[in-house]
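Here is what each chain is made of, one letter per residue.
Number of protein chains: 2
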Amino acid sequence: MHIAIIGAAGMIGRKLAARLVAERDVAGQALSRLTLLDVVHPEVPETFAGTVDASIADLSSPGVAARIVAGRPDIIFHLAAIVSGEAELDFEKGYRINLDAARALFEAIRLENAKDGYRPRVIFTSSIAVFGAPLPLPIPDDFHLTPLTSYGTQKAITELLLADYSRRGFIDGIAIRLPTICIRPGKPNRAASGFFSSILREPLAGMEAVLPVPDTVRHWHASPRAAVGFLIHAASIDLGSLGAGRSLTMPGISATVGEQIEALRRVAGEKAVSLIRREPDELIMRIVAGWPQGFEAKMALALGFTAEASFDDIIRVHIEDEMGGSL
Amino acid sequence: MHIAIIGAAGMIGRKLAARLVAERDVAGQALSRLTLLDVVHPEVPETFAGTVDASIADLSSPGVAARIVAGRPDIIFHLAAIVSGEAELDFEKGYRINLDAARALFEAIRLENAKDGYRPRVIFTSSIAVFGAPLPLPIPDDFHLTPLTSYGTQKAITELLLADYSRRGFIDGIAIRLPTICIRPGKPNRAASGFFSSILREPLAGMEAVLPVPDTVRHWHASPRAAVGFLIHAASIDLGSLGAGRSLTMPGISATVGEQIEALRRVAGEKAVSLIRREPDELIMRIVAGWPQGFEAKMALALGFTAEASFDDIIRVHIEDEMGGSL
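Protein sequence lines, in the order shown, are assigned to chains S and D. Counting in my numbering, the first sequence runs without a single skipped number right up to 510 at its last residue. Counting in my numbering, the second sequence runs without a single skipped number right up to 510 at its last residue.
Hints are computed from structural coordinates only; laboratory data are not their basis. A few of these clues could be false.
[Unchecked claim] Covered, in the sense of this in silico footprint (three residues per stretch, anywhere, with C-beta under 8 Å from a C-beta of chain S), are these stretches of chain D: (1) 325-333; (2) 338-345; (3) 435-446.
All residues carry an ideal CB built from backbone N, CA and C; glycine is no exception.
The task is simple: from the sequences and hints, build the whole structure.
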């Protein structure tokens, strides 16, 4: 089994590569080869005994998609993206990285497909940003897509392309709409959603965090570990039941900021909670007001995708995976 | 007022140009200049006294969009497309003509916008092919887009682009989803929907027509005259109430083939009806089975878009506009 990960140096990409190597097989087949690509050098999991091609390249640059596809990976994870805030600030870069690169990948596969029927499973990380206000709670699987950002638009368009290329038999694609990933390890990125993680991550590490929105703000979350689980599950299952639709909203937890803080209190105590400083930010409030608060995710649950059951679990996953298991 | 029509040599484009010239003004301003573009030479309406630039070019070719936009049209109608059957047969051409050309237009406008805020009204003809089975009857305005053809995918993607470019303030766009146009004048084109028109058009002209589907097949129709009316109305109205969504399903008539034939009987008599030859075609039946049967079109109706009230009217419009007013 040859697996390619595009966006392999990102937070999810690194965890995915590590888990694939640790689990040794995917969809019942032994992992023998890894192709890792990113715009910065992707780490190669140390314990992997198979063939690895780790390279620095931008999928949107001419020839890069063709080179990836020439190696005939059986499964391609396309995770590479710039985040919503950056896509809003840099219109051209957003369309290039978040849309044109995916299309270049699909096109490169289509050209190989024409030669001998090559048709890899392609797993694309879409986002709940394809949905925009006004939104119901919970949002059903068949709710219409009304993105309110360029990022969400780019994800929605890529979903449509993936469905059409799949329907035509060029790729075997699935788009999974990730919840907001919480708790994101490491430093804050440019996503407007950053505070959902930092109000937990920083206090757990004994540091102060800024909360720019009221406690009543509700949103949809899953852990990095759950996200990697979604990806591996998406690589393994039969997609025949999906029909022409190839996009699935992933399960998660619908929680308010207040509920996040209560979970922090239960897991890490009052002292951690006291490190959250409320500093309202009108711009972030306005952006977040248009975001989804919760989903049914019926199709994904029926197909066996699973996420955490509580925010306490999300915090415990962070402590286990990022903090060595204890505070 | 300077108006550009891309796809000006097509059936709708020609009728639109003629009507604009006949009405002399649009949105309360006198029409002084017309830019007509198509891949075959667009006719110039004879009675027009203003400046006309009619040229042969493909909007998807480098530089063409920039040239159109350099003339700073106040209103741009983008009607150019290849039909669903052709887009399904020629994947690359479909994406080039039905998607890349529109994006090139939006990009050309964005670059001009950056100079001095130029922001034309852009009216894009989308299609009910953005919807795919399973579909309710009637289909509400906020039903999710699940195109089952490359054509429908290309239209849905262009809708998303148009909404994002509008939200960002680069264009003032509106996508109108045309019903199937009935009765299409002239010869059959490569659209699988061709029979909806030919079972009326040919018998009205004393010729035989082939009906490839059962009488129970229901579909959504409006006349060419109504379609031109939609376009002109879309050029004239305030779009402020649309919010971030910029796509409107146009009103029309939901009718079965049997109801079409009954209308033909009422307007043109039994002899016309007897010219319809039933010749079932499994491929066309299968394609049509995934198509919409009727819409609410509430938003469009509230904004003042109007279509015919009966299929008898649709037939009468054809007799008036295409047959000199009598059989």
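Against the structure, the hints:
no. : hint    : in the structure
1   : 325-333 : holds (count 8)
2   : 338-345 : holds (count 4)
3   : 435-446 : violated (count 0)
Hint 3 alone, counting from the list given before, is not met by this structure.
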